Every structure is written in structure tokens, then in C-alpha cells.
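The working numbering numbers the first residue of the sequence shown as 77 and each following residue consecutively.
Derived from the structure by calculation, the hints contain no laboratory data.
All of these numbers come straight from a predicted model, not from anything done at the bench.
Cβ coordinates follow ideal geometry from the N, Cα and C atoms, glycine included.
Hints should not be assumed to be uniformly reliable.
To be verified - Below, simulated EDC-like cross-link-like pairs (lysine to aspartate or glutamate); rule was C-alpha separation at most 16 angstroms, straight line:
#, residue 1, residue 2
1, K226, E153
2, K81, D300
3, K216, D294
4, K129, D397
Said to hold, decoys possible - DEER-style ranges, computed between Cβ atoms:
#, residue 1, residue 2, range
5, L86, A205, 21 to 27 angstroms
6, S220, A406, 55 to 61 angstroms
7, K81, M399, 27 to 33 angstroms
8, V97, P250, 21 to 27 angstroms
9, G391, A258, 17 to 23 angstroms
10, A163, F404, 41 to 47 angstroms
11, G222, T400, 50 to 56 angstroms
12, K226, H336, 46 to 52 angstroms
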Amino acid sequence: MSKNKLLLPLTGVIVGLAALVLTALGNPANMGFCIACFIRDIAGGLGLHSAEKVQYLRPEIVGLVLGATIAALAGKEFRARAGSAPALRFVLGMIVMVGALAFLGCPLRMVIRLGGGDLTAIAGLVGFAAGIGAGVVFLKKGFSLGRARKVQQADGFVLPGFVIAILALLLLAPSFIRFSQAGPGASHAPWIAALAGGLIVGALAQKSRLCMAGGLRDVFLFRDFHLLIGFVAIFATVLVGNLIMGNYNPTLAVQPVAHHDYLWSFLGMAAAGWGSVLLGGCPLRQLILAGEGSGDSAVTIFGMLVGAALEHNFGMAGNADTMTDGVFTAGGVAQAGRIGIVIALVLLLIISIANIHREEKAK
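Work out the full structure: start from the sequences and follow the hints.
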């Protein structure tokens, strides 16, 4: 850890700068990086859902995974491993996506939104912390999904291979995928810049172990603020950058791709935080772990992909506030989404209780 004391804040600064640059190059405002939103867009681009405004194969996700893979291979840290409750991890990936897409952002975008002055994201931050706290209660009681074991090396390249196929489709066979003509999916940086940003952030996140859920978990468990430093650095960098560029807008009104349905933002991110603790990392961390060879994290990402598709196919995703010709239209979480969040929280409670001291019971 001592060797990473400077690497973690440096990673946070680089992630913040990358988010600002990608936003300036075309990504939606306050969305330089959003793991949940970008996986949702990929699900749409592959035709897994039909929400026309959120369909695009995001190169940032490709870069994050491959950046982590390259860094892990270079540092001799790539280890193919799997077998830690893969079916439950798939379900937990879906649950995290249900919560995040109700809020309209993953933990990383939550911090970026706050750095842009989006005060509606405070409800998500408080909810995320509450969800982490709930997960920590069960960790203290002995929650475990079991140990992963070493598997064939080829298994570790499943998600890196999948994202390479995504990039190949985008560049070589665009007629097979769907592209948004309007909305967040139509707003994107040039693919080469998005890929480069993802590669850099993925490599740094692999080396620094950057993780928002892990940071708050360690604070609650050990009073250790080390991992949280990276996200403080992201927030500070995005805040200063937005102030310099005149993009800082500290209001509760009509923030980019956001809504002010505070209760369901709180509950949605509570589900995302709780699920992330049980999984052992936030959505960004799951991508990085999958890039390092974790088959369990790869299964989690596929669960997120399916969860994103279900969110839009069943009308559960949050809807952004809009202002058109001076007329304000409130967004928020529809009834289907609220039901989905309640089901997600119930499932999290069941999974948490059912897996207390699981290894000891097996003996």
C-alpha cells in the first residue's frame, strides 16, 4: 500500500482530467465516464433493448478492460480465476444496474456529477453510503460468496475478448449495430479518444486498485481512508476543471441526464452500494478485475449487461428532467422502476442472510 500512496491520488486526477476531456470532445455533460450508462448504451447498440436514445458501443468500456489487461500482464498480475458463486454474482450485477440506472449513473458518474455542480446527486451519494453500510453489517457477520480458484488461462480472457469483439463491430461492421440519433447515446467523443481515455484509466485503475465501494467499505470497517483518496481527487479535479471552463452549475434544476426524484435516487444507489459491497467492488472495479482475469467479475459484467436491457425493456430506468422552450418536464423513476428497486433490496437482504458463514456451513 505504501508504494501506492501517490499513485491513487494521481489516478484520481488523471480520471478527472480524462472525464473533462471526453466531455469536451462530445460525451454528455457530467458524463465523461459512467460505467452503468456506457454498459446500458452497449446493450442498446447490440439490440438487447430498443430505447433509441441510449444505443452506442462505447469504446471507453473496451479501453478500461484492455487497459487493465495490459497493465496486469505487464506487471505479472494477470491471474485466471473463477468459481466464487457465479450465478449469484450474475444476479448481483443485475441488481447493481437496476439501482444505478434508476439514479442515472454509477458511483464514478455520481462523483463527476457532483464535480459539475449537480446537487441532485447528493441523494445518490447518501444512498450509496447507506447501501455500503448495510453491506458492511453483513460482512461483519461473516458474509462470503466463497473463494475463487485458479482456472485455465483462457478463461481469464473471456471479457477482454468480448470487448475486442465490441470494438471490431464498431469499426468494421457498424451496419450490424444500432446507433442513437438523439439523446445521450448520440453524444460521444471520437472513438479513438474514447478508447485512449479508457486504456489510460484502465491501466491506472488496475495499478492503484481504485474503487468507490471499496473506499467507503474500508472507512466503515477499518477507518481506513486510503482508497477514498482517489475519488476525492476525481471530484476536486472535475470541480476545478469545470470552474475554469465555466461549466460549473451548482443547482438542483435540470442537470444534464439527471432527475430530482431524491427518494428513489437514494434507494437506487443504496441498492447499488449494497450490491457492490457483496460483490467486492463497484462497477468500475468489476471491469478492472475482469481485465485481470477474474471470471467471476466477467460474469458480473454480463449480469450488468442483461440488467441494463431489462431496465429499458420493462421501463424501469430513470428519466431525466428536461427543459424545452422554457417548459420544465419532471423526470424521475416510474412505478416499474420503483418496484424494481424494492425487489432488488429484498433480494439483497435474502442473498446477504443466506450467505453468512457459507464456507463454514459447507464443511
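Structure-based check of each hint:
The suggested pairing of K226 with E153 holds, with an alpha-carbon distance near 13 angstroms, which does not exceed 16 angstroms. As the CA atoms of K81 and D300 are separated by approximately 13 angstroms, the hinted pair is consistent with the 16 angstroms bound. Under the criterion of a C-alpha separation no larger than 16 angstroms, the hint pairing K216 with D294 is consistent with the structure, at around 12 angstroms. Taken as a hint, the K129 and D397 pair is honoured in the structure, with Cα atoms around 15 angstroms apart against an allowance of 16 angstroms.
Checked against the given bound of 21 to 27 angstroms, the beta carbons of L86 and A205, roughly 25 angstroms apart, stay inside it. Between S220 and A406, the C-beta spacing of about 42 angstroms breaks the proposed range 55 to 61 angstroms. For the pair K81 and M399, the beta carbons lie near 44 angstroms from each other, so the given range of 27 to 33 angstroms is not met. About 24 angstroms separates the C-beta atoms of V97 and P250, a value consistent with the hinted range of 21 to 27 angstroms.
Look at G391 against A258: about 19 angstroms separates their beta carbons, and that is inside 17 to 23 angstroms. With their beta carbons about 44 angstroms apart, A163 and F404 fall inside the hinted range of 41 to 47 angstroms. Between G222 and T400 the C-beta distance comes to about 51 angstroms, which sits within the given range of 50 to 56 angstroms. Between K226 and H336 the C-beta distance comes to about 48 angstroms, which sits within the given range of 46 to 52 angstroms.
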